[in-house]
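There are 2 protein chains.
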Amino acid sequence: MKHTEIVEVLRLTNYGQTVTVCGWVRSRRGNKNVSFIALNDGSTINNIQIVADAERFTDDDLRLVTTGACLSATGRLVESMGKGQSVEIQAEKITVFGAADPQTYPLQKKGHSLEYLREIAHLRPRTNTFGAILRIRHNMAIAIHTYFHEHGYFYFHTPLITASDCEGAGQMFQVTTKNLYNLKKDKDGQIDYSDDFFGKMTALTVSGQLEGELGAMALGKIYTFGPTFRAENSNTPRHLAEFWMIEPEVAFIQKDELMDLEEDFLKFCVSWALEHCKDDLRFLNDMFDKTLIERLKSVVDTEFVRLPYTEGINILHEAIRNGHKFEFPCNWGDDLASEHERYLVEEHFGKPVIMTDYPKEIKAFYMKLNDDQKTVQGTDVLFPAIGEIIGGSVREEDYDKLMAEIDRRQIPMKDMWWYLDTRRFGSAPHAGFGLGFERLMLFVTGMQNIRDVIPFPRTPKNAEF
Amino acid sequence: MKHTEIVEVLRLTNYGQTVTVCGWVRSRRGNKNVSFIALNDGSTINNIQIVADAERFTDDDLRLVTTGACLSATGRLVESMGKGQSVEIQAEKITVFGAADPQTYPLQKKGHSLEYLREIAHLRPRTNTFGAILRIRHNMAIAIHTYFHEHGYFYFHTPLITASDCEGAGQMFQVTTKNLYNLKKDKDGQIDYSDDFFGKMTALTVSGQLEGELGAMALGKIYTFGPTFRAENSNTPRHLAEFWMIEPEVAFIQKDELMDLEEDFLKFCVSWALEHCKDDLRFLNDMFDKTLIERLKSVVDTEFVRLPYTEGINILHEAIRNGHKFEFPCNWGDDLASEHERYLVEEHFGKPVIMTDYPKEIKAFYMKLNDDQKTVQGTDVLFPAIGEIIGGSVREEDYDKLMAEIDRRQIPMKDMWWYLDTRRFGSAPHAGFGLGFERLMLFVTGMQNIRDVIPFPRTPKNAEF
Chain A
1 MKHTEIVEVL RLTNYGQTVT VCGWVRSRRG NKNVSFIALN DGSTINNIQI VADAERFTDD
61 DLRLVTTGAC LSATGRLVES MGKGQSVEIQ AEKITVFGAA DPQTYPLQKK GHSLEYLREI
121 AHLRPRTNTF GAILRIRHNM AIAIHTYFHE HGYFYFHTPL ITASDCEGAG QMFQVTTKNL
181 YNLKKDKDGQ IDYSDDFFGK MTALTVSGQL EGELGAMALG KIYTFGPTFR AENSNTPRHL
241 AEFWMIEPEV AFIQKDELMD LEEDFLKFCV SWALEHCKDD LRFLNDMFDK TLIERLKSVV
301 DTEFVRLPYT EGINILHEAI RNGHKFEFPC NWGDDLASEH ERYLVEEHFG KPVIMTDYPK
361 EIKAFYMKLN DDQKTVQGTD VLFPAIGEII GGSVREEDYD KLMAEIDRRQ IPMKDMWWYL
421 DTRRFGSAPH AGFGLGFERL MLFVTGMQNI RDVIPFPRTP KNAEF
Chain B
1 MKHTEIVEVL RLTNYGQTVT VCGWVRSRRG NKNVSFIALN DGSTINNIQI VADAERFTDD
61 DLRLVTTGAC LSATGRLVES MGKGQSVEIQ AEKITVFGAA DPQTYPLQKK GHSLEYLREI
121 AHLRPRTNTF GAILRIRHNM AIAIHTYFHE HGYFYFHTPL ITASDCEGAG QMFQVTTKNL
181 YNLKKDKDGQ IDYSDDFFGK MTALTVSGQL EGELGAMALG KIYTFGPTFR AENSNTPRHL
241 AEFWMIEPEV AFIQKDELMD LEEDFLKFCV SWALEHCKDD LRFLNDMFDK TLIERLKSVV
301 DTEFVRLPYT EGINILHEAI RNGHKFEFPC NWGDDLASEH ERYLVEEHFG KPVIMTDYPK
361 EIKAFYMKLN DDQKTVQGTD VLFPAIGEII GGSVREEDYD KLMAEIDRRQ IPMKDMWWYL
421 DTRRFGSAPH AGFGLGFERL MLFVTGMQNI RDVIPFPRTP KNAEF
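First to last, the protein sequences are chains A and B.
Read left to right, the first sequence gives residues 1 to 465 (the numbering used here).
Read left to right, the second sequence gives residues 1 to 465 (the numbering used here).
Warning: the hint list may mix true and false statements.
Each pair may be met inside one copy or between any two copies, as identical chains are not told apart.
Restricting the straight-line Cα-Cα distance to at most 25 angstroms, the calculated cross-link-like pairs of lysine to any residue (SDA-like) are [to be verified]:
id	residue 1	residue 2
1	Lys2	Glu263
2	Lys461	Tyr181
3	Lys109	Tyr399
4	Lys297	Val87
5	Lys2	Cys330
6	Lys267	His149
The set of hints was computed from the structure by calculation and includes no laboratory data.
Based on the sequences and whatever the hints tell you, model everything.
Next up, the structure:
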């Protein structure tokens, strides 16, 4: 089925040659002498115009050429007189592969709401908006792999199904092959998992970090890029039950080098979008957010602020003294709310902030304790419009200090002997971060709802498609 | 923590300069005048030799420098007199980050069995064998993304949690947040999933193909690369409960172009390994399989055979007439057994075979029917040593023919309206294939057990780490 992709055809200049294109009809207009068919094959946001003269094509020939129909068109490439396009095809042959009944095709008219399009997520990739988003999504994934590959990291597949931390973890999805109609229980009435597929209770992972640390303690520099799950009943524009996460983990680096990595990596990704997704970003910029491209460029061109938490608190207190009102308190020791992060990033500094050295009580057990015994070496990146886009930290590599913190927090580690072994045998200074892929996608596309930057979102009460 | 990766240091030639390396001790030997420390940081299979003179380092200084310990070493780069290495480091300073008690460190001696290493999968990446395998695994993933990106495909994330095909599908893992101690049932005694997280019964996907087709019917060319799950109770060297799969799906191609894609793609991946994983492949070739590199080269250099199933049956019958014995029957209509595939690939042709046009009864409902009404356009790739490495097909794009097959097979499609919509609206000829990533890894590494080509295998009764 010889044909040329539309993204290629639009670059051709040797007018007069015969080309064949395939794609879906975006629109058809015209008059009794000629029909203009805008055809798109997904390779680019731009359509090729097919010109079908009435002399050659009867009304009946074009009866099925309606919005959404799929066809191939062969004809001469000619220079276009129309605005915004360089070439068009003077059709000699049109073959309809699949019609789209105008009475029932759900993408008939333009300008559907994003809410409506979520209900037809199986068809929305055929719209300009979702074509653009999905091409950008592809490019961001390629940027991520390219960055790590070129910097000597190894892509490390951590498991999705895990037996760690299952008991009492309310926010995980249980995975089972048990017959729920006939649950075996022991004499204390506890469900007996010995006949479950894995012989114990299992769940979907909430993070690959701990296994990622195992990789870094052998390969030096690894990254994960895979699905992650949270069973939080959060119906917000920022939460998905199934999302993709990137988690690099690096041996032999300290806090400053971790921050360098976070900043360099994010700038690389955003630069990649600006360079490889020009047409798609221009479309989203024009349709949804006139400041999108400007915002992306500002991140690339700016040196991120590196701000200890304690200094951040001082700045917020100064703002309050100067009359700024916040809804939530921000005393030393509080987890900052979105309003505080946004004040620092968008109002005070006007640029991305890497916040460091958080109070240990608001951070995870594995973060490296500072000499002050009060703060830990977290390094979260706060972005304009998004808030926290990266959560990073230096890890506590000292076995005794780590165990003391685990004991203090009464964390059940009985299934985690393998993690503690990294500190028992050949422990090394190391650090890493987690990036929610859809958070990055929100920033790069300017979309407001996380359901619109993943093909088929999983949210409470929704696992359609 | 300024240091240079060992893979870089081994390439240096400006002797006399001072360098710092970090890594894990693979071995230490020497005499009363000097210690030789083989250090590895995972960046390469090759170690750097650290030379510690007794004049500078006392026994006590080196007390913790035992196999498995993690340290940094600073010293002068000197030309090495030893065999198999170009440079070594004359140590001036050694800092031990983490010791590894020789009494308890599980990787003390060399030559552990692969079975034993599976029990310490958290530490096995520190061995030569698994370092090599995991670097190759990374490179194969990068090869796959590179191939598709350079050919204009878009990476498309299909969902892991699915509500499709759940009822009665015994080989899927159920995903639930229900309290199993208090299962709500309706008046007929059926479990009521309305209060489960997604409001219905859900499971882990066994394939992203159907959603991938949605992507291809909009973006033209997509591929998936993500985890896939099978709850089969198969404790074999070829089965994992959680594995990674690659599934490209392409609009506007036919059978011959699909086979071209399969062959070109596999050759690209194997070539990539030969080019980018030389040292690691050489190690695996020498340690496990002396014909490995030769076998990889033969695949790259050979034109794959394209063999209709019916012709394949004829060849097998001819072999039987000539005295070849098979355990299983191979009459027309039978699903070929591994012994038949291997006879064709390894004995009859001596090269990879793309088998086509299978009897429809042994293939899936979505495959395109040939005009003979008996065979479908499957295009599986059979490899030496591995058997089926790719399962591909042209998809039936005609709504009526697809529905007739679904009805004939009594496939429940009530949750699959979205899939059928692809054939209702703007249907297009399309085709695709599925490649089990670990199958490719078995071929490229020459390993015999699929548990040894993924960091943390999930198999019946095993979800450790």
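Hints not upheld, ascending by number: 4, 5
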